[in-house]
Amino acid sequence: MKYWTLTEADIDRIAIGCGILGTGGGGSTYHGSLRAKALLREGKRIRMVRPEDMTPDAQILGLGGIGAPTVGVEKIAEGGEGVRLLHALERHLGRKVDALLGDEVGGGNGIAPMLTAAMVDLPVVDADGMGRAFPEVQMTTFFIHGQAVQPAGLADADGNVLIVTEATTPKMLEKLLRAGTIAMGCTALMTTAPMSGDFVRRFGVPHTTSQAWSLGDAVLAARAAKADPLEAILKQSGGVRLMRGKVTDISRRVMAGFTRGKLTVAGLDADAGRSLTVEIQNEYLIAREGEKIITMVPDLICIVDSETGRAIGTEELRYGLRIDVLSIPAPVLLRSEIALESVGPRAFGYDFDFVPMGVSADAPAVPHYKEDA
Amino acid sequence: MLRIGVDVGGTNTDAALLRGSDVLATVKSSTTADVTSGVATAIRAVLAQAAVDATAVNAVMIGTTHFLNAVVEGRHLEKVGVLRLCGAATRSLPPMIDWPDTLRPIVEGGAAMVGGGVNYDGSELAPLDVKAIRAACRDWRAKRVPAIAICSVFALVDPRMENEAAEIVAEELPGAAISLSHRIGRTGLLSRENATLLNASLNKLGRETVGAFRSAFAALGLNCPLYLTQNDGTLMAAEFAERYPVFTIASGPTNSMRGAAFLTGLSDAAVIDVGGTTTDIGMLVAGFPRTRSEGAMIGGVPTNFRVPDVYSFGLGGGSIVRPGQQPTVGPDSVGFRLPQKALCFGGDTLTATDIAVAAGLVDLGDRSRLSHVTPDFARQMLAQMKASIETVLDRMKPSADPIPAILVGGGSVLVEGLLEGTSVSLKPDHFGSANAIGAAIAQVSGEVDSVVSLEGTSREIALEAVVSEARMRAVEAGADADTVTLAEIEETPLAYLPGNAIRVAAKVIGELRA
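Residue numbers (numbering that gives the first Met the number 0), protein chains in the order written: chain A, 0 to 372; chain B, 0 to 513.
It cannot be assumed that every hint is accurate.
In the DSS-like style, the derived pairs of lysine-lysine whose C-alpha atoms are separated by at most 30 Å in a straight line are [unchecked claim]:
#1 A/Lys-36 x A/Lys-369
#2 B/Lys-78 x B/Lys-142
#3 B/Lys-396 x A/Lys-291
#4 A/Lys-36 x A/Lys-170
#5 B/Lys-78 x A/Lys-36
#6 A/Lys-95 x A/Lys-170
#7 A/Lys-369 x A/Lys-43
#8 B/Lys-396 x A/Lys-261
#9 B/Lys-142 x B/Lys-130
#10 B/Lys-203 x B/Lys-78
#11 B/Lys-396 x A/Lys-225
#12 A/Lys-369 x A/Lys-234
#13 A/Lys-225 x A/Lys-170
#14 A/Lys-225 x B/Lys-385
#15 A/Lys-174 x A/Lys-261
Since the hints were derived computationally from the structure, they do not count as laboratory data.
Take the sequences, apply the hints, and build the full model.
Here's what the structure looks like:
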């Protein structure tokens, strides 16, 4: 089996990339990367494995944080949540889990499975169910392609573990997990039903940790060379720059538990005189210039600091911030007809069909995978 | 009311004497290693210049980089024991995990994570573990740790456990300097804890510095209250500064921007502070500096202090000019050696100041030493400097519309005429001492940042509760209660939180109590 054993420098790159792929949401990677590096310093290892290398009947468990990011920065994780959840689920299933993965590569959840993996020495699959961030549990390529709804579960810092043994629909599962999360103080670690190696190979968005690493590596290289980090990101991702500008207006409000809002960007430099609006539902969903829609969900709209290439989340947006808005084609799996029902514009309440921006291409795995470790 | 404002920078100590809103005198003197004697010299000089007797002064306000330098240099810091009230939570990231390896061993005095803390809704996370607190105190006593930082999960929602823990610590460790996180920072456990740690670590230096100021002032015959300026440009009484030195850590840029607002009467403008080495450009919004969205790094330690959003670049009076095919100005500078190095002062280096002298913008030194600098070249260099300011200015402006610009700082003699993108470019009287004037006119503020649930209450009542807490803090810090007004209130709806929870950050500001 080929593994990619992560170093602290890799964690820095992956964290930057997960921030960019977070499309404004997904939560901060800061705590996760601090914790990951502390675990590596304790002598633990984090090993990545490619989805195509998994045995077809391997059992793979998805892990990720659920809750309010604002709570997560205050009531920080205890650290053993994932281990308790994994063991509870293994007891319920009556068999061992072979590898972990993240449902959502965007934001802090791109790092979350690595922390538990380091503690129990399981590999992490270089794939996820979104290739970006989405607001709801059922918005994954796994659920779209029939991942079992149960068992699923939650664990909190205080030692509580909740296993959902039956849920009628993915949407109902999302509701149950939200209710459990609230009882747990609005921050918890979550898992959905275990998947087979074959299922993840077919329906996972491949090599998204690799993609995050490559984006982060490009940003750091550009910073070191005092070059434009955005050019590096575009070259790496196949994306396009929608606008370089500054935030001239930002409105946000909470509706039905989600942050909705609208951002207006006035162009700077070569884009002077142009204006772009970005509509927000926890993530950046739609970019328009005038009436014309330039990019729409599930294609990625990412916002980074013009100078550093650091991803800017929706909660950080404020008047006068100098940003680049870019757009990256969604992974192939998100653009299928069946996927668009769950993650296309209509799934977010828009009255129009998805029109793709650019050509989808799945990211290659980084060349760091080596025989055994 | 007679006030003296003092700004202690890396190179110069500026002082200004004001009667009401009239600037009576300003002086510049050298910063000294002990800070205090330089401040005393500047105050003596400014009083002499205006022929005012020290006993007539009503208040002295000091802005100093002393505490910032202590952290940056890792000097004069004390060891701190950290008491985190967290129950089982947060243990994946123990205290000081994101401190730089250079500073951590200097400050680290041992951490205890014990039962305590509340949830976002104020419900108890874990009961306060009194036994564990006493055990930690015994350990700190054995190690002679002089300062303790106490930080509870969601302390801003309910600070009572921090207060209770502080009483226990005071009992076990009489004389220990105790810093409580709910008085220091904003939401975000690690960064608030870090700021609380820094504060505790600076406590001794705070007491010593304020004590030295007091004795120096007594020697000068000053018999008036002493204030220090805070990161947000407002004041805190000296006895408060002794306990919260960390609040003074980034007050420099704020003072000069506030001074610029005062000298021009403008409340919304760009402020361009041209010093000896760098130019700092920031934006005044409603009379106060626009702040950065991310928290400040202080000596490599992430905190959640809000500091002015200032863009700094290498252009100042000491910037080195290199003629040639493509002549350049800066970014390197002769800095504080300008009086020795500049050509016009008999030195060997062509500086931006020499260009200003050659162009006749200012009369300094010996102009005849600059006969080889052609008027054409001088004009070309001035235009280049102006253009570099204009580029940064355009990035900082909120929109393309022209806005007023205020030029302050000794180096602003380099800039002549209207800057592109501005409606007017002002260089007010006393522009060289805007920082000291900003300190002199500073007001008093109170700030609260907390997560509140709107369940069972109305938004208005919840907001009012936060504002009145901020008011109380302002009055405690020396504000005249009758003049306190709401300066800013920021509501952030919290996604995924039930019960319509919002985060409210409120700041009130008032005039100094006479």
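Hint by hint, here is what the structure shows:
| no. | hint | result |
| --- | --- | --- |
| 1 | A/Lys-36 x A/Lys-369 | holds, 21 Å |
| 2 | B/Lys-78 x B/Lys-142 | holds, 10 Å |
| 3 | B/Lys-396 x A/Lys-291 | holds, 27 Å |
| 4 | A/Lys-36 x A/Lys-170 | violated, 35 Å |
| 5 | B/Lys-78 x A/Lys-36 | holds, 25 Å |
| 6 | A/Lys-95 x A/Lys-170 | holds, 27 Å |
| 7 | A/Lys-369 x A/Lys-43 | holds, 18 Å |
| 8 | B/Lys-396 x A/Lys-261 | holds, 21 Å |
| 9 | B/Lys-142 x B/Lys-130 | holds, 19 Å |
| 10 | B/Lys-203 x B/Lys-78 | holds, 10 Å |
| 11 | B/Lys-396 x A/Lys-225 | holds, 24 Å |
| 12 | A/Lys-369 x A/Lys-234 | holds, 26 Å |
| 13 | A/Lys-225 x A/Lys-170 | violated, 46 Å |
| 14 | A/Lys-225 x B/Lys-385 | holds, 24 Å |
| 15 | A/Lys-174 x A/Lys-261 | holds, 26 Å |
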